[in-house]
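Undergrad: What follows is the residue order along each chain.
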Amino acid sequence: MVSTNEQSTSKNSWEPRIVAFFCNWCTYTAADLAGVSRLRYSPNARIIRVMCSGRIDPQFVLDAFSKGADGVLIGGCHPGDCHYIEGNYKALRRVQLLKRMLKDMGIEEKRFRLEWISASEGERVKTVINEMTEQVRELGPLGMPERFADWDKELDILEKEINRKGETVDA
Amino acid sequence: MQLPIPTNVHSDESHKVEDIKKVVRRIKFESELDHNFGEHIAEKAYGQKLLGCIQCGTCSATCPLSHYMDYTPRKVIAMTREGFKEEVLNSLTIWLCASCYSCTVECPRQIHITEIMYALKREAIQHGYYPKRLTIPVLAREFYKRVLKDGRNTESWVLVSLYLHTNPFAMIKEAILGIKLFLRGRLTIGKERIKRRDQLHAILGNTKGGSQI
Amino acid sequence: MPDKPKVAFYWCASCGGCEESVVDLAENILAVVDAVDIVMWPVAMDFKKKDVEAMPDGSILVSLINGAVRTSEQEEMVKLLRKKSKLVIAYGSCAHTGGVPGLANQFEREEVLKFVYEDSPSTVNPQKTRPEIKVITEEGTVTLPKFFNVVRALDQVIDVDYYLPGCPPTPKLLKQALEALLSGKMPEKGTVLAPDIALCDECPRKDTKPSDLKYTEFKRPHAVQIDPNLCFLAQGIICMGPATRAGCEGVCISGNMPCTGCFGPTSRVKDQGAKILSALASQVEAKEEKEIDKILATIPDPVGTFYRYALPVSLLRKRIK
Amino acid sequence: MKYLYYPGCSLRSTGRAYDESLLAVSKKLEIQLEEINDWNCCGATSYVSIDEIDAFSLAARNLALAELQSSDEEVNLIAPCSACYLALLKTERFLEEVPDVSAKINSSLYKAGLHYNGRVNVRHPIDVLVNDYGLENISKRIETPLKGLKIACYYGCQSLRPYATFDDQYHPMTMEKIVEAIGAEPIDWSLKTRCCGGSLTGTIQEAGLRLNRFLLKEAQKSGAEIIITCCPLCQHNLECYQERISRFYDEEINIPVLYFTQLMGIALGLSEKEVSMHRLFKKPSLKRFSQKGAAAHAW
Amino acid sequence: MHGNGHKEDIRIGFYVCHCGHNIAGSLDVKSVAEYVKTLPGVAVSRDYKYMCSDPGQELVQKDIRQNKLNRIVVASCSPLLHEHTFRIAVEKGGLNPFYFQMVNIRENVSWVHTDKKAATEKAKDLARAAVQRVFSHKPLEPKHVKINPDVLVVGGGISGIHAALTLANAGKKVYLVEKSPTIGGHMAMFDKTFPTLDCAACILTPKMSQVKNHSNITLWSYSEVTKVDGYVGNYKITVKRKPRYINEELCVGCMDCIEKCVYKEGKTPDEFNAGLSKRKPIYIPFPQATPQVVLIDREACIEFKSGHCKKTCVEACDRNAIDFKQQEETKEIEAGTIILATGFKTFDADKVPYYGYGKYQNVYTSLEVERLVNASGPTSGEVILRNGKTPKMIGIIHCVGSRDKRTNRWCSRTCCMYSLKLAHLLKEHTDAEVYNFYIDMRTPGKAYEEFYDKLLEENVHFIRGRVAEVTDCAVRPEEEGKLIIRAEDTMIGIVRRVPVDMVVLAVGMEPKEDAQDVRRMFNISCSTEGFFLERHPKLAPVDTFTDGIYIAGACQGPKDIPDSVAQAGAAAAQALSLIDRGEIELEPNTAFVVQEECSGCRTCLTICPYNAISRDEEKQKAFINEALCKGCGTCVAACPSGAIKQNLFEDEMIYSEINGLLKLTSTECC
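Residue numbers (the numbering used here), protein chains in the order written: chain C, 1 to 171; chain F, 1001 to 1213; chain X, 2001 to 2321; chain B, 3001 to 3299; chain G, 4001 to 4670.
Think of the hints as simulated: they come from the structure by calculation, not from any bench. Fair warning: this is a prediction, and the values are worked out from it, not measured in the lab. Any given hint could turn out to be false.
BS3-like mimics (lysine-lysine), calculated; alpha carbons at most 30 Å apart, straight line [said to hold, decoys possible]:
1) X:K2214 / G:K4619
2) C:K99 / X:K2290
3) C:K126 / G:K4512
4) X:K2048 / X:K2006
5) B:K3002 / F:K1049
6) B:K3283 / B:K3217
7) F:K1149 / B:K3221
8) C:K110 / X:K2086
9) X:K2004 / X:K2086
10) X:K2287 / C:K99
11) G:K4227 / G:K4325
12) F:K1145 / B:K3111
13) C:K153 / X:K2189
14) F:K1191 / B:K3273
15) G:K4351 / F:K1049
16) X:K2219 / G:K4512
17) B:K3002 / F:K1195
18) X:K2189 / G:K4512
19) X:K2287 / G:K4621
20) X:K2219 / X:K2146
21) G:K4621 / X:K2172
22) C:K110 / B:K3104
23) G:K4621 / C:K126
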């Protein structure tokens, strides 16, 4: 369950890691447009393409956080514009409830964001990613994997104590 | 109708007439330009849009004072962008801007031209370019000093020092108007002052702008 | 009784209901008692830790452990039993997914202790006395186990072979498990010993759920007159059935109460709460953010509702500070 | 209705009539104006020409003082002078939108033991009268309808540009609506937001006078009997140089220039003295209305 | 680092593309390739100059055979661009094409980041995610659907007409639906066309009558599409046919009824004449209108307003074509492909009050002037102003509602040329002095610059400067009674005031009012300006993101007639190529229910937007009809027990992507 990062992240070299789920038809296309337009934005978001924002399972969001994401961004078509009629509304409903739940679990609101970005809004991709990177940077690392490891330290104390006792006896 | 010759315009105009008669070599070498000037001003005036000027001339055409300017506002933008720092900061244009904001709201590229003019004025003061006897900057300066001292502007005092510094003779002409205003209670002799001038002095002069005048 | 396989029962952070369920095997318990040699059962028999310690490693066929792990003593005991047992079965919701005690993962240890010893309405403790971990008296030193900050399911502390879900597991499932065990026909390691399909499959009200259900409001069971024959969700009452493993045979439903999710999710689901959230929210009848929020606001406690039994094994495990 | 009031320097000298008439009208309409204690100059246009942060800080001190003086969640601050209105409004904007400027202003304020939270809402009196008080309510209180009086409304620059919040930048109509509400007749003319030259009348007079001449001529041509304005500098320029313009250009220019509040006051039944008509160079001829006004007054 | 022992023997080939300097210039492709080589399951990892080139594709195929690769990952551009290319390459190499995953390190990385180190890191993360993802890829068969050969063309302007004729001539059945009572669009209103100055009607009307008479074209004018269902190859379209109150079959367009209408004079502004003249309640838009059928304007007709008209029109019609009881009709048609040619609207000059349109009567829009100079127009081609005079000085203001961030920021592309044309025509008609006020003169077309030359030689004035204001405030005696145009002559650097008798506003082109509704209905996108968005600005200019729907003409962006016609031809060709192929391959990204895992909770039934999920009442489980499923995956995300899976987007694949992105190797997950 506990995972370690391949590259240890020291505090000062820390960079926010944002997992972005973009729908194929609007936001992913907008990200392509941002590319074609050579807009420059911060390299902290990693995009996962899904066909529709309606495909995004709240489990994906939680999984990303638990695996070390500092922020999760969902991008879908504007209301009324969904390529699949209403997938984005389903995403919106889930997100609204998930936001509440994340708040209850102590995760800052700004770490999780839903944005409607249409295929033509390359500029918006840039703005949103830049904005979110900065907001998350301000919040600092969420570091769930590190927290898990930290929490589990209380478990091994006993074992260590027993082992230590054994050692002294042996000695 | 023949217009009266402006009495108190800084008389650069006469030079110009001569300039035209003289054979003057006009050329600009790249090395004479300040290539950072455009971006520098764009940043100052919160107007990255300055760089997006398409030279359409709407600003000049809408400006109530462009007829008096040595360079039209459009030219000032072009020259700023291209680094004609000397010419821009020496120009009359920036001081003639009356801050009416017409150009700003009419500009199809939404360039904050008025703010750019302000930025250029400040730049001119900072670099010592401003024409020391031109009435407009002197008025600004006297106003600045008055407020720095008292916290409020007493119009009579500002005007008196303006004329003293520029054209004392004009004061005589204006005196009649002054008396009329005075009789109607519209000019005061006493100075308006605020109480907490200490606060004022804490607030002002934290940046170096004012120290240049 | 050297031939009989050895069996141990142990309880950790639990309510005792699981122990009760073993007794609920009724007459079948005699057969069990006959067939096995119980070497540890704190609730019913007087065996000591040292008795277990004295046994060779792996000499116990199976340990059935219920309850979540919350203290260092529990940790110590389950680790001991793990060492001595061939198989460990996490018995009941608390051992399986953390259970109701796992809801304490919404709070820090200090918050829990403060509430229990100082703030709870039934507490009178003006001196704010707290139990000491170590008390030295004339008779000797008395110690209390360490109270962990995090509540854990059993497999977050030791390796677990099988899971018997439920709060508590039904006698039927226990009987099936024991029979399989004794006959040596156990499935692949890590299996949850209940059907891998959601509860709706065996729900007596299955046919009463409409195919075009949309939610305009969620109601709480105590606040409404519940129709005893209609799907709970169709009545706007949150039922965890669609996101909960079957096997209980719908006992709560038969008692006219909605499923609260004690059997945990199916094997395909990582996070039970997230899944029911997704299913319910998808069907909310609103498109405007404000309208959606208004409907969702009728779920007063999403974490407590969706993770009633599974917070410690959820993807986030615990509320962060 | 209660508002904080920032008169500004001009209203204490050349624009005294504006100050006095606005206060009189407000009193009549039961709008309470509470002057900010120890307010200072807004910085106007001159300050920004010299030092931007100083200019903003000057204006920000007034905003901070306003906040100190009111516990309302939203502090409505009336600034009648166009230059003050813009300077305060612009400061508010920059504080909100330009983080590095905002940081500098805040640190200046801090040095003076002040702090600004962003609670102030800078308002123009026209905005307050039309949008808060309401034209209907104004009409109801009219005692001397100025029927048939033809008025050119002149807005000048800075009350609307560049941050017009209460009216259209190109074709403002709020002052016209007030004129209608007091029974008079606004004339349509296209120069109501054209610049009067501001302080150019004092610095480069030829330019300043020409601009004013254009405005005055056009207003006269459109049939206006009176020009009303909402800015002390505009009023000063349009009124005080008429004689000089007539002389320079050898043409007849003669039209009273009032503050809109003075005209409102008359319609509301205030006396000429109460709205400071005596401070004008050229009093409008309102005799034809006075009978009715007097009667109403006596009543 | 090893793990996956439980999986089949996975051998991944990884390729990172330089894309010339496009990728290699901004990130270290070599280090990406080297890094990926160390990942579990990766058998081959290479970098190559252009992966999409033939040698690049052959490299993959050779590796598949020689190195026994069974998964391929290519890191290059956007999958929206080349996923298909590489899938074919993989298939040619002998692998199922869906054992492939693409990593977008161009649009998502090299083109948007400047920090080379960070870009390289990001590329590695994305590559790792894909490498881990392909472990769970499965072989799939693409879905095939048949293409209905019938085509729907929406919009009967020059683009729609041309597309419809091209298709009909190729033997396809075409439905042409036009909103207004006649086809012809804006072009029918124009007098001459630039740069050749041939008469618009002369070249357009023959095409209009061809449409009417073509046996393969069904023309429905005065009709609107109200609903679109189905998918590529099988669209079902609902068309509303508005009542004309005239039986279209019976009317021969003799116009006797118009003559006999109780209104002796028209009272309603004539749309076709841009409001410069009035028409009667019963009317035909213009003499060559197609279909040549009159119609009654319900809003203006006395019979409809009061019910007490003498109905002289009915008496006049000897074919009994007038039918006051005609009702709106709803028609359903089926078509495999759709071409949208819905056109544009001109900028509303009221939005720029400083030019005085509506305030000064002699300020005209260019469209009005088109009618004014047209021999069939309201003044029979004589340029007479609203004040009854002939102008002696005319100012044409360019870029009205174009190149202005406050209105429309784009260049409308046609205004410079049509302004030149109007300048020529106005000068020809009136011999007036004509002033063009322009910002930049844009004449980039065949024989366009030559036309500009001609105008210069005709001594038309060109003042480079955007007009600030049109006013009637005179400051000089000669300005009295004129409209004064104020602009800076930027070439000279001086502000000028030009008094004129007539102002022409060269209004720009903008999206039609209902463009947003139309695009929603057809499920396509709009660009920021509101014009329909093409699939690729260069390589797929008439395709949209919805298969089988094409766009032509000014609905895609401002365009002149030659460009519109060219695009209409291209759209027709795209449709034809699909029709003649007969079928189309669809992404097999459909969802399916694992029967033994489904509890029959019905959550998915309520969610599917396509009604693709039904309940098998016998088994009491959900079942997805693959033919109806469009692959959005909403049901997958909602299934509370994880019993629904989506091909190509299985939970496991996404989880492994998340792991990969967050620098976790597959062994570390779960």
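Undergrad: Can the restraint linking F:K1145 and B:K3111 be considered satisfied, given a maximum Cα separation of 30 Å?
TA: Holds, at about 20 Å.
Undergrad: Is X:K2048 close enough to X:K2006, meaning Cα to Cα at most 30 Å?
TA: Measuring from Cα to Cα gives roughly 15 Å; hence the hint holds.
Undergrad: Quickly compare the C-alpha distance for X:K2004 and X:K2086 to 30 Å and report which way the hint goes.
TA: holds, 14 Å
Undergrad: Are the Cα atoms of C:K153 and X:K2189 separated by 30 Å or less?
TA: At roughly 27 Å apart (the allowed maximum being 30 Å), X:K2189 and C:K153 satisfy the hint.
Undergrad: Has the given pair, X:K2219 with G:K4512, been kept, meaning a C-alpha gap of at most 30 Å?
TA: violated, 47 Å
Undergrad: Tell me if the straight-line CA distance from X:K2219 to X:K2146 falls inside 30 Å.
TA: Given pair X:K2219, X:K2146 is violated - Cα atoms ~40 Å apart, limit 30 Å.
Undergrad: Do the alpha carbons of X:K2189 and G:K4512 lie within 30 Å of each other, as the hint requires?
TA: Status violated; Cα separation ~65 Å.
Undergrad: Can you confirm whether the C-alpha distance between B:K3283 and B:K3217 stays at or below 30 Å?
TA: Holds - the C-alpha atoms of B:K3217 and B:K3283 are around 18 Å apart, at most 30 Å.
Undergrad: Would you check the hint for F:K1191 and B:K3273, treating anything up to 30 Å between C-alpha atoms as holding?
TA: holds, 26 Å
Undergrad: Taken at face value, is the distance from the CA of X:K2290 to the CA of C:K99 at most 30 Å?
TA: Answer holds: C:K99 to X:K2290 is near 14 Å, not above 30 Å.
Undergrad: Check the hint pairing X:K2214 with G:K4619 against an upper bound of 30 Å on the C-alpha distance.
TA: holds, 24 Å
Undergrad: CA of G:K4351 to CA of F:K1049, is that 30 Å or under?
TA: holds, 23 Å
Consistency note: the structure conflicts with the earlier hints numbered 5, 7, 8, 16, 18, 20, 23.
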